[in-house]
Amino acid sequence: MRNGNLAQDNLYHHLVQTVYQQEPFEFVGVALQETTSWRKIRWRFAAGNTNQRFRKIVLRSGIGIAGLVIRTGEPFIENDLAHHHYAGDTYQPITLVEHLTSAVAVPIFDADQLIIGVLLAGYRHHQPVTVHSGHVLQKYLQHCQ
Amino acid sequence: MLEAVSWVEKNFNEAPDAIFIFRDDQLLISNHAAHALQADYGLRPAYIIKLMQNVVKQRQSQTDDCFNCTVLDQAKTVIPFNLPVKGGQPLAFSLVYTDLDHEQHVYSLTLKSNDLLQRMDQLAQQRKLVQYVNRAHENERKRLSQDLHDSIAQGVYSSIMGIRHLETAAAKADTAAFDHQTKLIENQLYATLRDIKGMALDIRPAVLDSFGLSAALKALAKRLEENSGIGITVLTHDTDQLKLSEDVQTVLYRIAQEAITNAIKHAQANEINLLLVAHEHEISLEIIDDGTGFDVNQHVSFNGHSLGLLNMNERVKSLHGTFQIKSTVGSGTRVTATFPVA
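So the sequences go chain by chain: A and B. Residue 71 in UniProt numbering is what sits at position 71 of the first sequence, and the numbering runs on without skipping anything. Residue 13 in UniProt numbering is what sits at position 13 of the second sequence, and the numbering runs on without skipping anything.
Incorrect hints may appear among the rest.
Said to hold, decoys possible - One-sided and incomplete, this derived list gives chain A residues near chain B with beta-carbon spacing under 7 Å:
1. 6
2. 53
3. 54
4. 62
5. 93
6. 131
7. 139
What the hints assert, rightly or not - Only pairs whose alpha carbons sit at most 30 Å apart, straight line, appear in this in silico DSSO-like list of lysine-lysine:
8. B/265 x B/197
9. B/317 x A/56
10. B/218 x A/40
11. A/139 x A/56
12. B/183 x B/197
13. B/317 x B/265
14. B/50 x A/40
15. B/142 x B/218
16. B/222 x B/265
17. B/222 x A/56
18. B/112 x B/50
19. A/56 x B/218
20. B/317 x B/218
21. B/10 x B/57
22. B/222 x B/326
23. B/197 x A/40
24. B/112 x B/57
25. B/183 x A/40
26. B/265 x A/56
27. A/40 x B/326
28. B/142 x B/243
29. A/40 x B/10
30. B/128 x B/265
31. A/139 x B/183
32. A/56 x B/183
33. B/326 x B/265
34. B/243 x B/222
35. B/243 x B/218
36. A/56 x B/128
No wet-lab data here; the hints were simulated from the structure. The C-beta atom is built at its ideal place from N, Cα and C for all residues, glycine as well.
Chain B on its own, in the form it takes in the complex:
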């Protein structure tokens, strides 16, 4: 039991938030973070007590609209509080009031650092993004494995069966059946060959490595147009002489892929335009569709489906580019990515 008390004490002392415990106006205990604030930034306990007392008094005031408000009664008293720093940005805190012993007028005041809270939020976002990337990775593998199993293995198996039939036809010296079977096997093998090439293209477009970004984008547009029946136009300007790093090329290609796929799958677009334009020391890619559009604000935060956008944003940022989505319901979507070019 004594041990437990010492653990609680240690926890109290080393908490990242500054905690003060008062009886009436008397400071009883405070932890290390509180000492540091008092010593380094000249925080006066008397001031935060006054601040808190005023807010509590105002809360109980008859003239306040919120008097008797149940929500307010249940909520902890939280007061935004700025501590000025000499020659620097003031530190932002939330001052939280907790009643410890009502009879003896003992209460605690905790100063939670807003910077710390924000940092926690960022960390949580980062974690979700990592999870998303991992899941996307795994889904990609699942799809590849399914493709291998369903289309390629199946195609090879059908061909093997066909050859068995061929043997039977040959044994019976049935030329008509033999010819028919040969045709079937040929068809089957062509289909499998197409599947393999299609998969190779899906995994990593070889065009990108050998013929550059514009050629790869044109091939991508053609393939997606054939897959969807939606007209996709690619316009490039002055991009032949560009020396783009492999990373930038890949990101631009993936953005085009994701944006076009989104437009086809979710936006019911009739037409998609893709512009790749080189400016002085800059390359910009724009994907414009005439689809249903969406409310961007609802989709930039986490809601399960739209992490693709956030992921694109992160990839662009990591290469010093800018990434922008403009969309309103009913008037299409415009995705823009720009990168500096040496």
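Only chain A is shown next, with the shape it has when bound in the complex:
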């Protein structure tokens, strides 16, 4: 496990709590990429989670929703996760363990504009996410940084 600094941990902890409380999303999570050689990506902070299984998930660049966002640097918006074209071959573990039906995810950048993680928010009951949902998440990110 990465030894993240406490200030940063606090920041993301508050971020997920704030988004969860102020927006209608049913699940909010932050995944961070480790700086060790393997660059593993783990879900570190969550609000609205139904269990602790998200902590076991380890992604890599390009795999899973967080991996995809980290690889591309582009926001991810999907309203039909069960039939997303990555659903069959590639795992979307966060979708499975939290039973998400739709999700939006945006990259988190550090001061050098390098991607260090992902902020994801989603629903379990087919409520739609839009490009606007992505902007909302980005607004919260800017506020907290």
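Let chain A serve as the given structure and place chain B on it in line with the hints.
Relative to the frame of chain A, chain B by itself:
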């Protein structure tokens, strides 16, 4: 035209089913298979005529519940028929009645061998399995090619682009941009390295060759746990001293892989346990999940998706092992494979 008649005649004579054509009680023609049955097994045409006549009469009987039943009227009369063989298993046939000329009371009786029919079924199953294996093979290649193209080629390409930016930054003597770009490229190359190692592991786990089955199963469990967030526990007992053939190791590994993947993808399991236990002259592998379970009977025959199970079964059988799936809806699944060990 005459030629055509001789072809039809040849076809009739050499058909694998015994065919008799009668007018009333008189045998008119019969083919080679029919001759053989009469000569070798003492089949008497008079007996099958009586058998057929009784069944037809019963069908037209007023007292039968099925009288006037449209389904029965349309169906050909088929009678199960056993021919006793001296000192052996009786031969099982289906006796099929076909009306040829109603006015002249001409009809045929065909004895279809049930063994032959069963054999045909088996052949059809075999063929479907071969098709499945071929398709699985092709899908595997497709996935590999996609992986190579999407993740590895893409990663290398990004790195090349990064180096170009690096050159620009160097030309401008912009150290901040240079450092930033170096970091980016490093990240990119690490990600690509992971992808390559992951692919290598997917294709064939090197651990299996160098450290044996238990180590390979533990590595597999860890990787799938990380990929899915589902807890996977591996317990092994007395397996260190085992000398398993490479084939058995591979099959056990693939069964574990398929069973765990199924549990993750379809069963919504919370927990998966894997037990590898060595007994005297036997090794057994069990994969137990607490997922939704399924009706095994519906999935052992062909229905498109579940050939994976059948394929596992075939692989185990070919190495003299036993393979079993126990599952009921709502109470998880237990997959067991056992092999004899010298």
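Practice problem: Kindly indicate which numbered hints from before are broken by the structure, ordering the numbers from low to high. | Solution: Structure breaks hints 1, 6, 7, 9, 14, 21, 27, 28, 29 and 36.
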